[in-house]
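Could you build all of it, start to finish, from the sequences and the hints given here?
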Amino acid sequence: MLNTKTAHELLDLIKAGKASRDKILSDLKSRIDKVEPKVKAYAHLPKETDSAKQDSLLNGIPIAIKDNICTKGQFATCASRILENFSAPYDATVIKKLKEKGALIFGKTNMDEFAFGSSCETSCYGPTRNPWDLERVPGGSSGGSAAAVAADEAIWALGSDTGGSIRQPAALCAVVGLKPTYGRVSRYGLIAFASSLDQIGPITKDVHDAALLLNVISGHDEKDSTCADIPTVDYTSCFTKDLKGVKIAIPKEYFIKGLDKEVEDSVKQAKAVLEKLGATFKEVSLPHTKYAVSVYYIIATAEASSNLARFDGVQYGFRDKSSGSDESGQLISMYKQTRGKGFGLEAKRRIILGTYVLSSGYYDAYYLRALKVRTLIKNDFDKVFKDFDCVLTPTSPTAAFKVGERLENPLSMYLSDIYTISANLAGIPAISIPCGFTKNKLPIGLQLLSAPFKEENLFRSAYAFEQNTPWHKMKPDLNI
Amino acid sequence: MNISKDTVKYVANLARLGLNDEELEKFSLQLNDILQYIEQLKEVDISKIAPTAHVLDIKNVKRKDEPSASLPVKEALNNSPQKEGSFFKVPKVIE
Numbered sequence: 001m002l003n004t005k006t007a008h009e010l011l012d013l014i015k016a017g018k019a020s021r022d023k024i025l026s027d028l029k030s031r032i033d034k035v036e037p038k039v040k041a042y043a044h045l046p047k048e049t050d051s052a053k054q055d056s057l058l059n060g061i062p063i064a065i066k067d068n069i070c071t072k073g074q075f076a077t078c079a080s081r082i083l084e085n086f087s088a089p090y091d092a093t094v095i096k097k098l099k100e101k102g103a104l105i106f107g108k109t110n111m112d113e114f115a116f117g118s119s120c121e122t123s124c125y126g127p128t129r130n131p132w133d134l135e136r137v138p139g140g141s142s143g144g145s146a147a148a149v150a151a152d153e154a155i156w157a158l159g160s161d162t163g164g165s166i167r168q169p170a171a172l173c174a175v176v177g178l179k180p181t182y183g184r185v186s187r188y189g190l191i192a193f194a195s196s197l198d199q200i201g202p203i204t205k206d207v208h209d210a211a212l213l214l215n216v217i218s219g220h221d222e223k224d225s226t227c228a229d230i231p232t233v234d235y236t237s238c239f240t241k242d243l244k245g246v247k248i249a250i251p252k253e254y255f256i257k258g259l260d261k262e263v264e265d266s267v268k269q270a271k272a273v274l275e276k277l278g279a280t281f282k283e284v285s286l287p288h289t290k291y292a293v294s295v296y297y298i299i300a301t302a303e304a305s306s307n308l309a310r311f312d313g314v315q316y317g318f319r320d321k322s323s324g325s326d327e328s329g330q331l332i333s334m335y336k337q338t339r340g341k342g343f344g345l346e347a348k349r350r351i352i353l354g355t356y357v358l359s360s361g362y363y364d365a366y367y368l369r370a371l372k373v374r375t376l377i378k379n380d381f382d383k384v385f386k387d388f389d390c391v392l393t394p395t396s397p398t399a400a401f402k403v404g405e406r407l408e409n410p411l412s413m414y415l416s417d418i419y420t421i422s423a424n425l426a427g428i429p430a431i432s433i434p435c436g437f438t439k440n441k442l443p444i445g446l447q448l449l450s451a452p453f454k455e456e457n458l459f460r461s462a463y464a465f466e467q468n469t470p471w472h473k474m475k476p477d478l479n480i
Numbered sequence: 481m482n483i484s485k486d487t488v489k490y491v492a493n494l495a496r497l498g499l500n501d502e503e504l505e506k507f508s509l510q511l512n513d514i515l516q517y518i519e520q521l522k523e524v525d526i527s528k529i530a531p532t533a534h535v536l537d538i539k540n541v542k543r544k545d546e547p548s549a550s551l552p553v554k555e556a557l558n559n560s561p562q563k564e565g566s567f568f569k570v571p572k573v574i575e
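So the protein lines, in turn, are chains A and B. Anchor point for the first sequence: position 167 equals 167 in the working numbering, and the numbering is continuous, going up by one each time. Each number in the working numbering comes from the position in the second sequence (counting from 1) with 480 added on.
Be aware that one or more of the hints could be misleading.
[What the hints assert, rightly or not] The calculated DSSO-like cross-link candidates involving lysine-lysine, where the alpha carbons are at most 27 Å apart (straight line), are:
| # | chain 1 | residue 1 | chain 2 | residue 2 |
| --- | --- | --- | --- | --- |
| 1 | B | Lys522 | A | Lys252 |
| 2 | A | Lys321 | B | Lys569 |
| 3 | A | Lys290 | A | Lys223 |
| 4 | A | Lys321 | A | Lys282 |
| 5 | B | Lys539 | A | Lys378 |
| 6 | A | Lys252 | A | Lys268 |
| 7 | A | Lys341 | B | Lys485 |
| 8 | A | Lys244 | A | Lys383 |
| 9 | B | Lys528 | A | Lys290 |
| 10 | A | Lys23 | A | Lys47 |
| 11 | B | Lys563 | A | Lys321 |
| 12 | A | Lys97 | B | Lys528 |
| 13 | A | Lys282 | A | Lys454 |
| 14 | B | Lys522 | A | Lys72 |
| 15 | B | Lys528 | A | Lys223 |
| 16 | B | Lys506 | A | Lys341 |
| 17 | A | Lys223 | A | Lys97 |
| 18 | A | Lys252 | A | Lys271 |
| 19 | B | Lys522 | A | Lys383 |
| 20 | A | Lys72 | B | Lys563 |
| 21 | A | Lys96 | A | Lys454 |
| 22 | A | Lys247 | A | Lys271 |
| 23 | A | Lys252 | A | Lys454 |
Bear in mind the hints are in silico, worked out from the structure with no lab data behind them. Computed from a predicted structure; not experimentally measured.
Below, the structure written as structure tokens:
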């Protein structure tokens, strides 16, 4: 079945005349018919009417898109009631680039509402399930993209990552997820969550596909003033068989209480594989690591509360019609009712926290203090990358948890991002790749981080590891 | 640190967010937990540290001041819950 292949495999098959675009689509559709009722990876299923431009680079290969990225004429709801029926009037820059290279936009994937979450449970469409264990979460917030790729309901996908939203679900679903450097990929057309942290990135079945996809979506864009005018490289050309001369740091602060034993063992075994390939390791310290979650939840909620102010029932989306929908109503009460009914619980919680830390009297104590500690976290990484090519850590402290398990305790949910958040605060690139399974057959991921705009360092080590391990080839058994 | 129900109510008003009593109660408890955790930042010496608002060393990004195509009015209004002519329609603002 062609839906189980990677994009680069399909491109080779098409060139050799052994696969057709029609067959790829029909295989994908029949897979979706079978497994989507169980997995629920899509917020909006692919439309039959879409077609791809003729271009040999991506040759009509379909790609699933997280529902917070605008694709012209299709829904972009952020899995929130407040954006119900919102149809994007334009293409995000990443979509424009994909279309120009011949990709077929294929469905919008489920997510935590406005990307607020680590479990894909806060979606207004209901939770996505982990294809490896349907009782468990796929991770989040790009849980739909990761689950769709893992369940072979998509060839590959785009997600977005503000505090781990690409890497954590990739780890929990045994797929590859890359958060590029802040400024590497244009965010024009990405519905903003936290503007100093958000990045769009690939979720794929292997490292080669992630590099190929980054080739297409990266680069300068004058429509996003935070998108850096720094040259990109061909990321598919940096793969090597061995890792001679590669220096990798292991931060001791990441191997602490709360890290599951099976995850720790699996990451240590991965280290041995990388060593065998020629990489050298040294323990280092990133001393401000323990403050990352606190800093993140101040900055991310502050920025989110500001970004979400635009959802007020005036220009788009849901408006509460029970009060203030006509001339007799009051504008302020229309805002309050619309936002009170349109946002889900986690979005409201974050708006309140973000507004609180920005409010008069608390700004210095919380927001400004967080920005300063952020500097220290960034300095920690700058120092390490003077001597090392990569940093190796677990992606998530545990494998996938059960649906509902952490929903009532927001702090426990926030702590599931403990290993991924720092990369967003420091603006550096990071990749999660499969590195093993627990005794209960739940996927485990490892994370590699590198200096800003050095994604090639991640791809080199990740590729060599992948070529020498079986994990990325494992498929979930969905009893079909 | 203590966030009372009244504080949550006050902040919700700033954010133009309607919350019911159950939500006010729940958020006041949960935000106390979160803020208590965040208190740990007080132990860090930040006296000589500059804030990082964003990580890129880029300032004052400008494009050429040339007109280009913008979203047509009809398309801009397409997603509006209420419109009239070429305008978004809202409840009366001035008493």
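Hint numbers contradicted by this structure: 3, 4, 12, 14, 15
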